[in-house]
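Make a model of the complete structure from these sequences and hints.
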Amino acid sequence: MDSKPMDIGAPTKEKAQAAVAAAAVAVPLYIALWQLFVAFAKANIFGFGGGPSVIPLIRHEVVDNYKWLTIEEFTDSLAMGNALPGPIATKMSAYVGYKIAGIAGATSAIIGTVLPTALAMVGLASLYFKYKDAPQMVGALKAVRPVVVALLIQTVWDMGFNSFPIPVTWIILAITLLAIFWLDIHPIILIVSSMLFGIIFLAH
Numbered sequence: 001m002d003s004k005p006m007d008i009g010a011p012t013k014e015k016a017q018a019a020v021a022a023a024a025v026a027v028p029l030y031i032a033l034w035q036l037f038v039a040f041a042k043a044n045i046f047g048f049g050g051g052p053s054v055i056p057l058i059r060h061e062v063v064d065n066y067k068w069l070t071i072e073e074f075t076d077s078l079a080m081g082n083a084l085p086g087p088i089a090t091k092m093s094a095y096v097g098y099k100i101a102g103i104a105g106a107t108s109a110i111i112g113t114v115l116p117t118a119l120a121m122v123g124l125a126s127l128y129f130k131y132k133d134a135p136q137m138v139g140a141l142k143a144v145r146p147v148v149v150a151l152l153i154q155t156v157w158d159m160g161f162n163s164f165p166i167p168v169t170w171i172i173l174a175i176t177l178l179a180i181f182w183l184d185i186h187p188i189i190l191i192v193s194s195m196l197f198g199i200i201f202l203a204h
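For the sequence shown, the positions run 1 to 204 when the working numbering is used.
To be clear, the hints were calculated from the coordinates, so they are not data collected in a lab. Model, not experiment: these values are computed from the prediction. Check before you lean on any hint, since a few could be wrong.
Here are the simulated lysine to aspartate or glutamate pairs, EDC-like style, with alpha carbons at most 20 Å apart [unchecked claim]: (1) 91 - 76; (2) 130 - 158; (3) 132 - 158.
Quick list of simulated restraints, FRET-style, between CB atoms [unchecked claim]: (4) 143 - 199: 41 to 47 Å; (5) 115 - 146: 43 to 49 Å; (6) 79 - 125: 31 to 37 Å; (7) 67 - 152: 20 to 26 Å; (8) 115 - 28: 21 to 27 Å; (9) 118 - 189: 30 to 36 Å; (10) 45 - 186: 26 to 32 Å.
Where is the CB? At the ideal position from N, CA and C, for every residue including glycine.
Laid out in structure tokens, this is it:
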């Protein structure tokens, strides 16, 4: 009797997606909008260094805390965001907000991303420029940078398990590292090229 190989990962993935879908509809719209605002405000306020440093904080909020996305969905959204111009934080907030509550959700998440940090920057800019050379400020920035790197490593570690489902993805990784560190090819070229490769050769 023929038997199909058991896909051990499928049930877990399906359960995770079901949990995400349940979380998206478990609260009223006004609460969801507030949660989106708070989640992205928290992530961006504490994203010292901007850019990549905010990614693990967003991942914590949308994957671990509110469970709006699975880690696979987060990885896919990050890849799409990196293929487009502009700050990654606003693109991620628009993606997650739209998935959870449509245009209103995207608007709330983007406001949470931009408004608190903009107000904080306006309020603290004068203090920073006045005390940026103070030993205490220099020491604080030196101490926080290793934490940011550790958070990035954790995010890469969590995403890595779901980014290499087949052997060819390891080959893509090797080619990408070679192109970045040796050939100095722009990341956008690599992202678009890999997506085209997947469309042509990996679609099924």
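Structure-based check of each hint:
Only pairs whose Cα atoms come within 20 Å are accepted, and residue 91 paired with residue 76 is accepted, the gap being roughly 13 Å. Only pairs whose Cα atoms come within 20 Å are accepted, and residue 130 paired with residue 158 is rejected, the gap being roughly 40 Å. Distance restraint check for residue 132 and residue 158: the Cα-Cα separation of roughly 35 Å exceeds the 20 Å cut-off, and the hinted pair is therefore not satisfied. Checking the proposed 41 to 47 Å range against residue 143 and residue 199 shows it holds: the Cβ atoms sit about 45 Å from each other.
A hinted range of 43 to 49 Å for the beta carbons of residue 115 and residue 146 is inconsistent with their spacing of about 29 Å. Roughly 34 Å separates the CB atoms of residue 79 and residue 125, a value that falls within the hinted 31 to 37 Å. A hinted range of 20 to 26 Å for the beta carbons of residue 67 and residue 152 is consistent with their spacing of about 22 Å. Under the hint 21 to 27 Å, the C-beta atoms of residue 115 and residue 28, about 23 Å apart, fit the expected range.
Between residue 118 and residue 189 the C-beta distance comes to about 32 Å, which sits within the given range of 30 to 36 Å. Between residue 45 and residue 186 the Cβ separation comes to about 31 Å, which falls inside the hinted range of 26 to 32 Å.
When held up to the earlier numbered hints, the structure conflicts with 2, 3, 5 and fits the remainder.
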